[in-house]
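One letter stands for each residue in the lines below.
There are 8 protein chains.
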Amino acid sequence: MAEFKLDLARHERIGLDEAIFCAGKTADQIAAILDAFPAGGGLLLTRLDAAKFQALPPRLRDALDYEPLSRTAVHGAPRVPRRGDPVAVVMAGTSDVPMGREACRTLAFNGQPHTAFTDIGVAGLWRLLDRIEEIRRAPVVIVAAGMDAALVSVVGGLVRSPVVALPTSVGYGVAEGGMPALHSALASCAPGVAVVNIDNGYGAACAALRICSL
Amino acid sequence: MAEFKLDLARHERIGLDEAIFCAGKTADQIAAILDAFPAGGGLLLTRLDAAKFQALPPRLRDALDYEPLSRTAVHGAPRVPRRGDPVAVVMAGTSDVPMGREACRTLAFNGQPHTAFTDIGVAGLWRLLDRIEEIRRAPVVIVAAGMDAALVSVVGGLVRSPVVALPTSVGYGVAEGGMPALHSALASCAPGVAVVNIDNGYGAACAALRICSL
Amino acid sequence: MAEFKLDLARHERIGLDEAIFCAGKTADQIAAILDAFPAGGGLLLTRLDAAKFQALPPRLRDALDYEPLSRTAVHGAPRVPRRGDPVAVVMAGTSDVPMGREACRTLAFNGQPHTAFTDIGVAGLWRLLDRIEEIRRAPVVIVAAGMDAALVSVVGGLVRSPVVALPTSVGYGVAEGGMPALHSALASCAPGVAVVNIDNGYGAACAALRICSL
Amino acid sequence: MAEFKLDLARHERIGLDEAIFCAGKTADQIAAILDAFPAGGGLLLTRLDAAKFQALPPRLRDALDYEPLSRTAVHGAPRVPRRGDPVAVVMAGTSDVPMGREACRTLAFNGQPHTAFTDIGVAGLWRLLDRIEEIRRAPVVIVAAGMDAALVSVVGGLVRSPVVALPTSVGYGVAEGGMPALHSALASCAPGVAVVNIDNGYGAACAALRICSL
Amino acid sequence: MAEFKLDLARHERIGLDEAIFCAGKTADQIAAILDAFPAGGGLLLTRLDAAKFQALPPRLRDALDYEPLSRTAVHGAPRVPRRGDPVAVVMAGTSDVPMGREACRTLAFNGQPHTAFTDIGVAGLWRLLDRIEEIRRAPVVIVAAGMDAALVSVVGGLVRSPVVALPTSVGYGVAEGGMPALHSALASCAPGVAVVNIDNGYGAACAALRICSL
Amino acid sequence: MAEFKLDLARHERIGLDEAIFCAGKTADQIAAILDAFPAGGGLLLTRLDAAKFQALPPRLRDALDYEPLSRTAVHGAPRVPRRGDPVAVVMAGTSDVPMGREACRTLAFNGQPHTAFTDIGVAGLWRLLDRIEEIRRAPVVIVAAGMDAALVSVVGGLVRSPVVALPTSVGYGVAEGGMPALHSALASCAPGVAVVNIDNGYGAACAALRICSL
Amino acid sequence: MAEFKLDLARHERIGLDEAIFCAGKTADQIAAILDAFPAGGGLLLTRLDAAKFQALPPRLRDALDYEPLSRTAVHGAPRVPRRGDPVAVVMAGTSDVPMGREACRTLAFNGQPHTAFTDIGVAGLWRLLDRIEEIRRAPVVIVAAGMDAALVSVVGGLVRSPVVALPTSVGYGVAEGGMPALHSALASCAPGVAVVNIDNGYGAACAALRICSL
Amino acid sequence: MAEFKLDLARHERIGLDEAIFCAGKTADQIAAILDAFPAGGGLLLTRLDAAKFQALPPRLRDALDYEPLSRTAVHGAPRVPRRGDPVAVVMAGTSDVPMGREACRTLAFNGQPHTAFTDIGVAGLWRLLDRIEEIRRAPVVIVAAGMDAALVSVVGGLVRSPVVALPTSVGYGVAEGGMPALHSALASCAPGVAVVNIDNGYGAACAALRICSL
Ligand SMILES: Nc1ncnc2c1ncn2[C@@H]1O[C@H](COP(=O)(O)O)[C@@H](O)[C@H]1O
Ligand SMILES: Nc1ncnc2c1ncn2[C@@H]1O[C@H](COP(=O)(O)O)[C@@H](O)[C@H]1O
Ligand SMILES: Nc1ncnc2c1ncn2[C@@H]1O[C@H](COP(=O)(O)O)[C@@H](O)[C@H]1O
Ligand SMILES: Nc1ncnc2c1ncn2[C@@H]1O[C@H](COP(=O)(O)O)[C@@H](O)[C@H]1O
Ligand SMILES: [Mg+2]
Ligand SMILES: [Mg+2]
Ligand SMILES: [Mg+2]
Ligand SMILES: [Mg+2]
Ligand SMILES: [Mg+2]
Ligand SMILES: [Mg+2]
Ligand SMILES: [Mg+2]
Ligand SMILES: [Mg+2]
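Chains as they are written, first to last, in my numbering: chain A, 1 to 214; chain B, 1 to 214; chain C, 1 to 214; chain D, 1 to 214; chain E, 1 to 214; chain F, 1 to 214; chain G, 1 to 214; chain H, 1 to 214.
So that you can see chain A by itself, here it is in the shape it has in the complex (with noise of 0.2 Å):
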C-alpha cells in the first residue's frame, strides 16, 4: 500500500499547496512522492539535506531548484508573482540566515514580493535604526532571531504591521535548540506578536502569505 497520500485539495481550501516535509522521509520515499506528484502543478520541499538530495535520482535531482542553506528544494513552476508591497523578512544575525533564507524560499513559491533585512540585531542598535522606515512599510514583518530574540520586542514595538516572530535555534548554553529566544517572542513586552516553532521558516511564510491573502 502506498506509504504517502498527497493533500491536493489543500490550496482550494486553504490558499497554501501541500509541502513535503523530508527530515523524516527516506530519499526512496521522496522519488516516490515526486514521482506520483501531477505534471503541471508545484511542489515545495523543506529540510531536504544536501545528503538525501544528493541521494535522488539524478533525473529528479534535475527537476529540483535546490539551495542548501535554506534546505528547500522546489518542483514545477512557483506561483505567478502577487501584488503589493514586499513582506520584510529580518535576521538578527548572520546564523539566523537559513532560517530566514526558508521562509524567503515559501513566499517566492508562493509568489509573494519581499526583502530580506540581514544582521541588524539589538547589540548594535543603529542598524536597526537606520532601516526601520523601510521596514514599517512592509505588510508583514517576520522577524528571524535566536539566542535572547531581543529584535522581535524592538521591532514589535516600532511598526505597526502583524510581526511573525521566528525563533531560531541559534545559540548554545541555555540557548542550546532555540528556547529561550522562542519563550522571549511569546512572552514579548511588545504587544500583538504571533509566535511560529522554532527554525520554522515555512511555516512564518505561511502566516504571512494567510495574511496577504485577505
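Worth flagging that the hints you see were computed from the coordinates, not collected in a lab.
Since this is a predicted model, take the numbers as computed values, not measurements.
Some hints here could point you the wrong way.
Stated by the list, open to error - Below, computed lysine-lysine pairings styled on BS3-like, alpha-carbon distance capped at 27 Å: (1) E/LYS52 to E/LYS5; (2) E/LYS52 to F/LYS52; (3) H/LYS52 to H/LYS5; (4) G/LYS52 to H/LYS5; (5) D/LYS5 to D/LYS52; (6) A/LYS5 to A/LYS52; (7) B/LYS52 to D/LYS5; (8) B/LYS52 to E/LYS52; (9) A/LYS52 to C/LYS52; (10) C/LYS5 to C/LYS52; (11) G/LYS52 to C/LYS52; (12) F/LYS52 to D/LYS52; (13) G/LYS5 to G/LYS52; (14) B/LYS5 to B/LYS52; (15) H/LYS52 to A/LYS52.
Here the structure of chain A is known, so what remains is to put chains B, C, D, E, F, G and H with the ligands in place on it, guided by the hints.
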C-alpha cells in the same frame, strides 16, 4: 520618583493603546496610574482579579467597567466600532471561556466586531463542523484551547484566514500550566498557524487587531 | 558469567514472548543471545539498526527476517495467525511509518492480523473521514502521530474501540524528541485514550495483543 | 450565548457518556449545565471539589450523589450493571486512593463491576503476591501508583490482561506533580502497559470501559 | 544547640556584611538571630514578608526599618555613604519594582549612592533613549526585567560600564517563574552582561558593590 | 474495605520499621491507621503538618510525641539506643533545619545516636573547618543543604566515612524546589557521595541506619 | 603552566584514590597526566573511549589494562584485596552491563571483592527471587537499572544492607538520558535507598567502598 | 545582498570590539566577513572548530592566529597591553580548560593581563587554599567549573573582588549540558557572584573587561 511612565504615544506609533497589566502591581500602584491617566482617553486593564479590584478606591471602581471572568476592566470610552466582518473567537470548552473572553473584551475595547463560538472541541467533531462555514467567513480566527489543543490544527486545516492560536492553561497532570497546548499549537500540522503565550487573550486580540488594521 | 538470562516463561505467564531490545547491546551480545536461544521457538528483535545487523555473523544474519525501516528482525517462526478482525494501525504522516511499521511487525510476529492506514493526518481531514468506517470496525486502533498528534483526539472521538496512542519523535523545535505528541495524547480531550512511550511501536502492539487475547 | 454545548450523541458514537470536568468552571457554569441536561439521563461530574459543590444551589446539591475523596458526583441514574468479571483497581498506597476511587466511581456509573485492592506497593512485596491470583482473573487491571510507580512494572510482568497505568501526583521533591510515576509507567520494562495522564482516574476507567465493551 | 552561627568576619574577608535570608526561617528563629547580634553593628534582612515581620516581638519590630514592597528590613545603622557616581538601577516595568527596590535597599545599607529608573521597557523605546545618557554615566548598571528581558540586551549594547542583569519572575505562561528572562539575559547578544538569580535584587547589589569597591 | 495494609514484617525483613507518610492522607485515614496499630510497638509519622495534627482526635494527639518544625510524630516507644559513635547531621543554614531535624528524629526513633551541626555553609568556610575533625569521627555524615549545595562536595572531599547528601528545597528562582541542590549533589566532584530525594530527611536517616546496622 | 594537578593526598585523606575522568580531556592531556604520575602507584582511568585509547602513545597503551565495554583502564597495580563478603552488583538488563562493569572494575581496582548478577529485571520477577538470598548476604548492594528502574525498589524492599542505586541512561523516548530511572530511584517507596548520578558506576563503587571501609 | 553588517562602532560605543561567532556560519560566510574587514584593525573569531578553520582559503588561514583547544582565532593585531594586576582565570579541572582558555584568549586580544590557575577543584581543597592569596590580589576573578561548580561558592566566600562564574558543560547524567553548574552558580550562597552563559568564556572575559575599564 514615579513608579510608572505611560507609553501614551503607543497608539500613534503602532496602532494599539498602552494597557495596564495588573498581576504584578499593588492596588496602590494601579490607583496611581489611573489617577495619572489623561481625561478623555480610554484605558484597558488586564489580569485585575476581583480582590484587587475591590481594593481600589470606590471612586475608581465606579469609573471602571469590570468583568470578573476575564479579569478585565475598561476605563473611559472604548474606540469607535470598526467596520468589516467579525473576528471569530473559537473556544474549545467552557473552561477556556475566561481566556477567550479576555480576547473578546480587548477586541471590543478597540472597536473590532467579533463573534464567540463556545464548547466546540474535537472530542465531538460535529459541533465544529456544524459551524465551520460561519467561522470561515471571519477575517481572523482566534482559537482558544487547552489540554491537547487539537482544535487548533483541525481549524487550521479548514480555514484560509490567519489563525491565531491561544493555548490555555486548562488541564492537569502533564497539561498543568498549558505547555502541551502551547507546544501542540507551535508544532501544528496545519501550515501557518501563529501562536501567542499561554492564557494571553489580550495578545491574541492584539495580533488580530494588527491584521484587521491592514 | 553470562550477561543475559532469557525470560522463556514469559509467554506462559503473560501471553507475550520475550523480545530483544538491541539498542544498548553490542553485536557480540546479540549474537550470544541468539546462539543461546532454544531451537524451534520464535524471537523478535527490535531497534536493530542496519550497521549492527551487518555486524552479526553471516550465519545469524541469514537466519533473520530483517526489515531496516522498522529496525526489526524475526528469528524462527512467527506464531500461527489468530482469527478475528484486523487491528487498525493508523499513521498520521509518512514520517511516522517506521514506528507504525514496528507495531505491524510485532502484531504479525504474534499472529495478529492488522491493516495499515498511512498519511491521514488532520491537516487534510477528508483523508481520515474517507476511511473512518473501516477503522471503526477494528477491535483496537493504534494511532501513530508526531508533532501535535491531533489525530489521536480526532480518532478517539470517532471510534468506540480501545485506542492506543503511539506518539512519535517526528518534528523539530518544540517537537524535537516527541514530547508534545506524548503530552497531547495524555491530555487528549477524547475519553479513554491509552498511551505508550514515544516511538514504542513494539509496546503499542503488545498493548493491542493483551486486549485481543481477552 | 450559551457557554457550553453538551455532546449528547457521544454514547451512541463511542459508547461513553459526556462527563463534566468541573476544575475550570465556576459553580454558576456547572449549575447552568445541570439545568440544561435532559431529564432521564445520567451525568458524571469530575474534579468537583467540596467548596464548589457547596456553592451549587441546594436543589442541585440534593440531586447529586457526591463523594468528596474522589471529587466526583453523579446526577441521575447510573447505567444498568454489565455482566462479567470485575475490573481490578489496584492502588499502591493509601495516598493513591482518591485517584483510584475516581476510576471506581466512573466504572460504577457505567455499570461495570470492579474490585479495589489497596496499599499493596512493592516495598512490601508479599502484600501484592498474596492477592495476585485474584488480580490475574480481572479482564483489565488498573494500577494507581505515585512516586516510583514500580508497582506498574511488577504487575505488568505478572498478569496477561490489559494493564492500564494510572500514575498519581503522590510524592514530593523529584516526584512532586507525578512526572516520575508517569515516566516509569511509560518506560516500563513490562511489555504492553498502556498509560493515562497523571491523576486521570476517569480516563483510566474509560480506557477499561472501551476494552470491556469489545 | 544554637540553630545559627553568624559569619561576622564576612565584611573583613570579602567586604560585604552577612545578611539574613528570612524566607525559610520562622519568626522565632529570626528573633533569636537579632537578639544574638552584637550591638553597634548593622544587619540587613531580606525576604521578610509582612506577616512574618508582624510576628516578631514589638521590641524587635521597633528596632527595624522595614519596607514591605522589597520585603527588606535594616537593623542598626547602615554604613557611611561612599563617594562616587551613583549606580543605576533600571527597572523595565512597574511590576519589577519590588526586585529593583531590594537592590536599592541593599546598596543604601552599604552606603552606595544609586539612582532608580522606572518603567522604561523596550516596548516604548523612547523612554529608554530619553535617559540613556544619564545611565551611561553610572559606574555599574543593574537592569531588572521580567518576561522577555529584552531591555537587558538593549542597555548592554549602549553602555560601556559593567551591566548586571536582574531577571525577574514577572510574567505568566512560559514566563511564569522568570526562566525566559533569565535565559534571555544569559544568552544576550550584547557582550559581557553578567547575570544573577531570578528576583535576586540582593545579589545584584552585592555584585555591584564588589565592583564599586575596586 | 480497609484503605491501608501495614507492612508489619518490614523490620524483620530489612531492619527498618514501617513509617506513615501523612502528606497525602486525610486526618481520618491517619486516625484509622493509628487505631489499627498493634499495642506495644512504635510508629513514626512523617510530613504531618500542624493543621492535620490538630485535626486528629484528642486521644490520639495525646499519644503522639509531635514536633512541628520537622513535622514528625512518634507513637509508642522508640527503639532502645544503639551503641557506637554518633552519626553527624550537618546543616548548611538555618533554613535547612526542618529537613535535618526530620533526619535526627528518625535516627532517634531508631535508637541511633547523632550530633547536629548547624549553619556551617561554605560562604563562611571557617565555620566548617572549625568543626571538621569532630565530623570526621562520625560513622556516617548526612549533609543537608539547599541552593548550590556546595557544602556536600566540600565535606565529601574532607571525610572518609559514607556521605549521604540531603538536598533541600531552600532557595528561590532557579533554586525553587531544590533541583540545583539535588543536581549538585549528584554531580559532586567528591567521589562516592550518595544522594536521597529533595527534603527527604527520613530517607537520609534510613540510609544511615542501613549502614550503621552492618 | 601545567594543565592538571593530581590530588595525590586523596587516599590518605578520604581513603579513595584520585581517578582520571577522561571524557573532557584530549589524548595529549591524558598522556601528560600518565607521564607525571609517580611510579609504583596505581591509577584508574574512567570514560576512556576506544578511539581515545587508540590515540595514546603505544608505550602508554601497553602499560594500561584497558576494557572497552566499561571504558576503564588501570595503570599500575591495583590495591591488595580486602577481606569480607563480596559486594553485590545487580544489573537489570544486558544493556546496563557497561555501567555495572564500571562499578565492578572500580571495586576490583580498590581490592574489594564483588559478585555480578546480570539480567534480572522485574519483568521476569522469578529471575530476581531465584537469587535474592545470595544478594541479601552482601554488605552493600549496587543496583544498576535504566528505564523505570523498578528493580531498585523491589530490591530495596527485600534486603537490609545499604542499597546504592545506579540509574542508567538505557532507554528512549521519556527514558532517553536516564531521568526516569534516576527519579524512580530517588522517589523509591523502599526506605533508605541512596542514589548516584546516571551512569556513574565509578561513584556507586566509591560509595560502596566508603561503607566497606567502616 | 550582503549577509552580514559589522558593528564597527562597537568599541567606541561600549569599549568592546565586535567579535565573530562562527558556530552558525559556513566557511564561505566567515571568509566573506574577513575579506570585508577593514585593514589595520583586529578581529576575534570564536567557536571556530578545526574543520571549519581548515575549510577557509589558505590566504585567510595564514592571516589567523588560531588555537584549536579554545576554538579561537585572532585576525590582525591585538590591542596594546593594559596596565594593572592580572585578572585571575581559575579552572576547576583539566576538562574546563577549553572554556577557561577562551576567556584567556579574549582577555589577551583586548590587552588585559591575566593569570591562569588550573585543576584546583574543591574535591582536593588544599589545591585552592595553596593559591588563594595570589587569587585574592586579582581585580576580577573568573571561575570556570562544571559538574557541581562548588568551586564558585568557595572562591566567592574567600575573595573581595568581583567574581564572574563561568559554568561549563563538563559532566554527564544530570550534569550533561552544564545546567547544574549554571544553577549552582546562580544560587550560590556566596553573595554577589555574577554569572555568564554555560561555556561562554568570551562573555566572562567581556564582563571582566567592562570592570577593568572603569
Ligand atoms: N519545514 C516545515 N515545518 C513545518 N511544517 C512543514 C514543513 N514543511 C512542510 N510542512 C507541513 O507538514 C505537513 C506534513 O508534511 P508531510 O509529512 O510531507 O505530508 C505538510 O503538509 C506541510 O503542511
Ligand atoms: N535575598 C537573598 N538572596 C540570596 N541570598 C541572600 C539573600 N539574603 C541573604 N542572602 C545570603 O544568604 C546567606 C545565607 O543566609 P542565612 O541562611 O540567613 O545565613 C547570607 O549570608 C547571605 O549571603
Ligand atoms: N566516571 C566518573 N564519574 C564521576 N566522577 C569521576 C569519574 N571518574 C573520575 N571522577 C572524579 O572526578 C574527579 C575529577 O576528575 P579529573 O578532571 O580527572 O581531575 C576525579 O578526582 C574523580 O574523583
Ligand atoms: N562565543 C561567543 N559567545 C557569545 N557571544 C559571542 C561569542 N562570540 C561572539 N559573540 C557575540 O555575538 C555577537 C553576534 O555575533 P555575529 O553573529 O558574528 O555577529 C557578536 O557581536 C558578539 O558580541
Ligand atoms: Mg503530506
Ligand atoms: Mg506600561
Ligand atoms: Mg530480557
Ligand atoms: Mg463537554
Ligand atoms: Mg548566615
Ligand atoms: Mg505503608
Ligand atoms: Mg583530578
Ligand atoms: Mg555581528
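message: Can you confirm whether the C-alpha distance between C/LYS5 and C/LYS52 stays at or below 27 Å?
response: Holds - the C-alpha atoms of C/LYS52 and C/LYS5 are around 21 Å apart, at most 27 Å.
- request: Assess, step by step, whether the Cα of G/LYS52 is no farther than 27 Å from the Cα of C/LYS52, and give holds or violated.
  value: With Cα atoms ~22 Å apart, G/LYS52 and C/LYS52 stay inside 27 Å; holds.
message: Run the distance test for E/LYS52 versus F/LYS52: straight-line Cα separation, threshold 27 Å.
response: holds, 22 Å
- prompt: Given the proposed pairing of H/LYS52 with A/LYS52, does the C-alpha separation stay at or below 27 Å?
  reply: The hint holds at about 22 Å.
Proposed proximity, E/LYS52 with B/LYS52 (alpha carbon, max 27 Å): holds, 22 Å
message: Just to be careful, I want the Cα atoms of G/LYS52 and H/LYS5 compared with a cutoff of 27 Å; is the pair within it?
response: violated, 41 Å
Hinted pair D/LYS5 and D/LYS52, Cα distance within 27 Å: Roughly 21 Å between the alpha carbons, so the hint for D/LYS5 and D/LYS52 holds.
- request: Would you check the hint for A/LYS52 and C/LYS52, treating anything up to 27 Å between C-alpha atoms as holding?
  value: Holds, at about 22 Å.
Straight-line alpha-carbon gap B/LYS52 to D/LYS5, limit 27 Å: At roughly 33 Å apart (the allowed maximum being 27 Å), D/LYS5 and B/LYS52 break the hint.
- prompt: Can the restraint linking G/LYS5 and G/LYS52 be considered satisfied, given a maximum Cα separation of 27 Å?
  reply: At roughly 21 Å apart (the allowed maximum being 27 Å), G/LYS52 and G/LYS5 satisfy the hint.
query: Keeping to a limit of 27 Å between CA atoms, is the pair of H/LYS52 and H/LYS5 held or broken?
result: Answer holds: H/LYS52 to H/LYS5 is near 21 Å, not above 27 Å.
task: Given the hint that E/LYS52 pairs with E/LYS5, test it: the Cα-Cα distance must not exceed 27 Å.
output: holds, 21 Å
Of the numbered hints listed earlier, those contradicted by the structure are 4 and 7.
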